[in-house]
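Participant: Just so we're aligned: 158 in full-length UniProt numbering is position 158 of the sequence shown, and the numbers increase by one with no gaps anywhere.
Just so you know, these hints were derived from the structure itself, not from any lab.
By construction, the Cβ of each residue, glycine as well, lies at the ideal position given by its N, Cα and C atoms.
Each hint should be verified, as a subset may be incorrect.
Computed Cβ-Cβ distance ranges for the label pairs, DEER-style [claimed, not checked]:
# : residue 1 : residue 2 : range
1 : Pro-194   : Leu-144   : 47 to 57 Å
2 : Phe-5     : Thr-141   : 42 to 52 Å
3 : Phe-5     : Arg-40    : 38 to 48 Å
4 : Leu-59    : Leu-88    : 23 to 33 Å
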Amino acid sequence: MSDWFTPDEWRAVALSLRVSVWATLLSLPLGIYVAHVLARRQFWGKQVLNGLVHLPLILPPVVTGYLLLLTFGRKGLIGHYLDQWFGLVLAFKWTGAVLAAAVMAFPLMVRAIRLAFEAVDPKLEQAAGTLGASPLWVFLTVTLPLILPGIIAGAVLAFAKAMGEFGATITFVANIPGQTQTLPSAIYTFLQVPGGDPQAFRLVLVAIAVAMLALVASELMARAVARRIAGT
Numbered sequence: 001m002s003d004w005f006t007p008d009e010w011r012a013v014a015l016s017l018r019v020s021v022w023a024t025l026l027s028l029p030l031g032i033y034v035a036h037v038l039a040r041r042q043f044w045g046k047q048v049l050n051g052l053v054h055l056p057l058i059l060p061p062v063v064t065g066y067l068l069l070l071t072f073g074r075k076g077l078i079g080h081y082l083d084q085w086f087g088l089v090l091a092f093k094w095t096g097a098v099l100a101a102a103v104m105a106f107p108l109m110v111r112a113i114r115l116a117f118e119a120v121d122p123k124l125e126q127a128a129g130t131l132g133a134s135p136l137w138v139f140l141t142v143t144l145p146l147i148l149p150g151i152i153a154g155a156v157l158a159f160a161k162a163m164g165e166f167g168a169t170i171t172f173v174a175n176i177p178g179q180t181q182t183l184p185s186a187i188y189t190f191l192q193v194p195g196g197d198p199q200a201f202r203l204v205l206v207a208i209a210v211a212m213l214a215l216v217a218s219e220l221m222a223r224a225v226a227r228r229i230a231g232t
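Please put together the full structure from these sequences, using the hints given.
Facilitator: If you want it as structure tokens, here you go:
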């Protein structure tokens with residue numbers, strides 16, 4: 001297969017997979033927590049939090065990328081201190097692509113997991129609590145197994161969104177071959193070059209294949225979890 005793709009194409013595919021996996025894994029714990037808060041708690045400012053979570057879905061991706069640049073750039077509100085105190089620079093680095101992908105994918109992840117939380121009957125958790133189980137133990141033994149299909153769905157949606165993220169990523173980390181050029185950026189680059197259509201088409205096929213594999217895998221895992229829950 002090494003003859004089918006150029007080194008630059010392989011690097012773009014590998015970087016996209018790495019960015020998508022890290023974006024999904026790093027945002028998953030926060031996604032579960034935020035989904036739980038939105039599904040189960042009532043507090044002042046809940047609609048504000050809900051709006052902030054879903055804001056990347058309705059903002060132009062370039063705007064989101066620009067806001068990330070203002071916040072996490074080397075001279076940004078937070079990026080300045082990350083650079084000064086920890087030597088951590090996100091802008092124009094592949095780690096910045098992880099942040100951009102995670103921000104853009106976060107609303108889809110939270111939405112899927114929140115629906116899973118809302119589908120769980122609170123009486124089941126209350127019953128476990130009356131038997132002396134702590135809230136953490138109730139969550140781990142009752143709630144978590146029931147929402148696991150939703151977590152899987154949210155993670156797959158986030159992974160797929162991260163794989164396809166373009167606008168925020170190219171604004172925040174640019175399009176540097178071998179460093180920040182992800183799969184969508186590489187496709188865009190090839191489409192701007194005369195005679196680059198074959199390379200772009202190959203990468204489009206890779207994107208479709210990865211997305212389909214992720215969806216099939218998530219479906220199989222969700223069914224396995226559902227069968228396990230039904231058998232308990």
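Participant: If a hint holds in the structure, say so; if it does not, say that too.
Facilitator: Status of the hints after comparison with the structure:
1. Between Pro-194 and Leu-144 the CB atoms are about 53 Å apart, so this pair conforms to the stated range of 47 to 57 Å.
2. The given range of 42 to 52 Å is respected by Phe-5 and Thr-141, whose C-beta atoms sit roughly 46 Å from each other.
3. Separation of Phe-5 from Arg-40 is about 47 Å and conforms to the stated range, judged on CB atoms against 38 to 48 Å.
4. The hinted range of 23 to 33 Å is satisfied by Leu-59 and Leu-88, whose Cβ atoms lie roughly 25 Å apart.
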